[in-house]
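Asks: Listed below, chain by chain, are the residues.
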Amino acid sequence: MTIRNLTRREFLRDTAATGSAAAVVGTAGLGKALAAPAIMDAPQPSTREVTIRLNGADQALQLDTRTTLLDALREELHLTGTKKGCDMGACGACTVLVDGKRVNACLTLAARLDGRAVTTIEGLASGEELHPLQAAFIEHDGFQCGYCTPGQIMSAAGLLNEGRPMDAHSVREWMSGNICRCGAYPNIVEAIRQASGRA
Amino acid sequence: MQPFTLDRGRDIADTIRRGRIAGTDYIAGGTDLMQLLKDDVRRPAHLVDLEGLDLDRITVTPKGVRFGAMVRMSAVADHPDVIKDYPVISQALLASAAPQIRNLGTIGGNLLQRTRCTYFRDTAAPCNKRVPGTGCGAIEGSHRTHAIFGGSRHCIATHASDLAVALVALDATVHLTGPNGARDLRLTELHLVPDDHPDIETMLHPGELILAISVPAGAWTRQSLYLKVRDRASFEFALTAAAVALDIQGGIVRAARVAAGGVGTKPWRLPAVEHALVGAPATAATWMRAGALSTAGAMPLRDNQFKVRLLQNTVTRALEQAGGQA
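So the protein sequences, as listed, match chains A and B.
The first sequence: position 73 = 73 (this note's numbering), numbered continuously.
The second sequence: position 173 = 173 (this note's numbering), numbered continuously.
No lab work stands behind these hints, which were simulated from the structure alone.
Check each hint, because a few of them may be wrong.
[Said to hold, decoys possible] In silico lysine to any residue, SDA-like type, Cα no more than 25 Å apart, as pairs: (1) Lys84/A / Leu6/B; (2) Lys84/A / Lys84/B; (3) Lys101/A / Arg116/A; (4) Lys84/A / Glu236/B; (5) Lys84/B / Met166/A; (6) Lys84/B / Asn161/A; (7) Lys84/A / Asp122/B; (8) Lys38/B / Glu75/A; (9) Lys84/A / Pro80/B; (10) Lys84/A / Asp39/B; (11) Lys84/B / Gly163/A; (12) Lys101/A / Ala60/A; (13) Lys38/B / Asp114/A; (14) Lys101/A / Arg43/B; (15) Lys101/A / Asp122/B; (16) Lys38/B / Ser196/A; (17) Lys101/A / Asp49/B.
[Claimed, not checked] Calculated from the model, a selection of chain B residues having no Cβ within reach of chain A, i.e. all distances over 10 Å: (18) Gly30; (19) Thr118; (20) Gly141.
[Unchecked claim] The following residues of chain A were derived to be distant from chain B, with all beta-carbon distances above 12 Å: (21) Leu77; (22) Asp99; (23) Ala111; (24) Asp114; (25) Ile138; (26) Phe143; (27) Ser176; (28) Gly177; (29) Pro186.
In this text, a Cβ means the ideal position worked out from N, Cα and C, and glycines have one as well.
In isolation and in its complexed conformation, chain A is listed as follows (with noise of 0.2 Å):
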């Protein structure tokens, strides 16, 4: 049974597929009617080259101008450890660090970063060994589904670099760009707090 060999993204990206595909036919045109007037020369796909220093290492891409930083870093460089929530901005799953300064993935640019550093949660442990803030969540059970999880450890990992109070209100107001749907605040709030080394 060729399923067993199929690993549980190329699984879930097949089967997303055939089901995206269907999707498309049903809502194809709508909503478009009342969009903003189209520029009539509107141009064609246009790309733009790009070095990033990704998690340490120098990465040249060429992407089409509309590539966020997330979709570049998941659909070209196959860095799935970053994830796709609202694509929006509201939720944090997208969080990584540009130049130490944590922002989402989701609305950055990819082609605006020519030159920048970026880190994602792949580049967060120093070979074998965690990242305080990795074993810290593990220690706390901070996570139920998992899926926030990066994100809010990118995050975290910003929120150390700021200096910030490591109190678990402030801690609560700092983190409030992570949203987790199962509901694991206290256990996050406590990892990160054990993490800061100030808990």
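The hints should help you fit chain B onto chain A, whose structure is shown.
Replies: Below, chain B alone, put in the same frame as chain A:
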């Protein structure tokens, strides 16, 4: 998302030359524009990137503070002099969005963000702001979060920025440059109420660019505060908000600056409240009397009437917190 070219100008002059071409949008932090592009609300053929134009400085002098348009929201919120001497600005920013977005979003872009009205952001809905003449879905529809000041029969969308409310209260000026040269505009004059043209939101000419925003120093800026009321404790737009700045000497209010957020089709200055404060004793009775004047002229609709009382209470509470209770 429609395809677009993405380029940078060599300098500001070259940027403006590109920006005046029809179908061009500038992109600063991109936090709002990216959402509008993904939703097909904006469909530019060309994006001109404002990064790399040396517009990211904060300058503090005895005369005031000046923010380059590309300064990040987080950089202003964390600036020690802003926290100390202009706390209302830092507080308004920290009450805005979430940390990740504040690391992207810029001061200039924040002022020009588009309304959060769901009819505006849904291309299947009518909206006079997005496509003039298609009608307003909100006036008869879902308008719990919409404006009680400055609406017209064509549009009641609120201006979403917290920062703009704080800056309007502090008499900020925007420094512009464009195809017809440089000019300054008071921030209160930058945004327009919808009237018959909700699609025209600002006084900016095509291709015109905000280079910087300056805030004059004043005896009132230190004793200033931003209070925001929303449906959840963080990462949410305002239902009501108040920016207040007070100069109190010998128990008497010498000067006051007050503006409201979440309630106007543009950042809404409250001169009647300021007038009631000046010369009055810094007491709870004064704060309450002034707060009650905050909704003079309000025109609430079916589902946003709660904002009238809520704004009065928000302004009163903000004055109490900033001015103390003598």
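Asks: State for each hint whether it applies.
Replies: Here is how each hint holds up against the structure:
Using a Cα cut-off of 25 Å, the hinted pair Lys84/A and Leu6/B holds, with the two alpha carbons roughly 24 Å apart. At roughly 39 Å between alpha-carbon atoms, Lys84/A and Lys84/B are farther apart than 25 Å, so this suggested pair is violated. Note on Lys101/A and Arg116/A: the hinted pairing holds, with a Cα-Cα distance of about 11 Å set against a maximum of 25 Å. In summary, the hint linking Lys84/A to Glu236/B is supported, as the alpha carbons are separated by about 21 Å, within the 25 Å threshold.
In summary, the hint linking Lys84/B to Met166/A is supported, as the alpha carbons are separated by about 22 Å, within the 25 Å threshold. For the hint linking Lys84/B to Asn161/A, the alpha-carbon distance of about 22 Å falls within 25 Å, and the restraint holds. About 21 Å separates the Cα atoms of Lys84/A and Asp122/B, which keeps this hinted pair within 25 Å; it holds. A hinted pair counts as satisfied when its Cα atoms are at most 25 Å apart, and Lys38/B with Glu75/A qualifies at roughly 17 Å.
Proposed proximity of Lys84/A and Pro80/B is contradicted: the alpha carbons are some 35 Å apart, above 25 Å. For the hint pairing Lys84/A with Asp39/B, the CA-to-CA distance comes to about 16 Å; that is within 25 Å, so the pair holds. Our distance criterion of 25 Å between C-alpha atoms is met by Lys84/B and Gly163/A, whose separation comes to about 18 Å. Our distance criterion of 25 Å between C-alpha atoms is met by Lys101/A and Ala60/A, whose separation comes to about 22 Å.
Between Lys38/B and Asp114/A the CA atoms are separated by roughly 22 Å; this keeps the pair inside 25 Å, and the hint holds. Our distance criterion of 25 Å between C-alpha atoms is broken by Lys101/A and Arg43/B, whose separation comes to about 29 Å. About 31 Å separates the Cα atoms of Lys101/A and Asp122/B, which puts this hinted pair outside 25 Å; it is violated. A C-alpha spacing of about 36 Å is found between Lys38/B and Ser196/A, which places the hinted pair above 25 Å, so the restraint is violated.
The straight-line distance between the Cα atoms of Lys101/A and Asp49/B is roughly 20 Å, inside the 25 Å bound, and the hint therefore holds. With a least beta-carbon separation of about 6 Å from chain A, Gly30/B fails to lie farther than 10 Å from that chain, contradicting its non-interface assignment. The claim that Thr118/B lies off the interface holds: its Cβ sits roughly 13 Å from the closest Cβ of chain A, which is beyond the 10 Å cut-off. Every CB of chain A lies more than 10 Å from the CB of Gly141/B, the least distance being 15 Å, so the non-interface label holds.
At the 12 Å boundary, the C-beta of Leu77/A stays outside the reach of chain B, the nearest C-beta of that chain being 20 Å off. Non-interface status of Asp99/A relative to chain B is broken: a Cβ of that chain comes within 12 Å, the nearest being about 10 Å off. For Ala111/A, the condition that its CB be more than 12 Å from all CB atoms of chain B is violated, with the nearest at approximately 5 Å. In this structure Asp114/A is not separated from chain B by more than 12 Å, as the shortest Cβ-Cβ distance comes to only about 10 Å.
The beta carbon of Ile138/A sits about 24 Å from the closest Cβ of chain B, which is more than 12 Å, so the claim that it is off the interface holds. Chain B leaves Phe143/A outside its interface by the beta-carbon criterion, the shortest separation being 19 Å against a cut-off of 12 Å. Taking the minimum C-beta to C-beta distance to chain B, about 4 Å, the non-interface status of Ser176/A is violated against the 12 Å cut. A Cβ of chain B approaches the Cβ of Gly177/A within 12 Å, the least distance being about 3 Å, so the stated non-interface status is violated.
Even its closest Cβ contact with chain B, about 16 Å, leaves Pro186/A beyond 12 Å, as expected for a residue assigned away from the interface.
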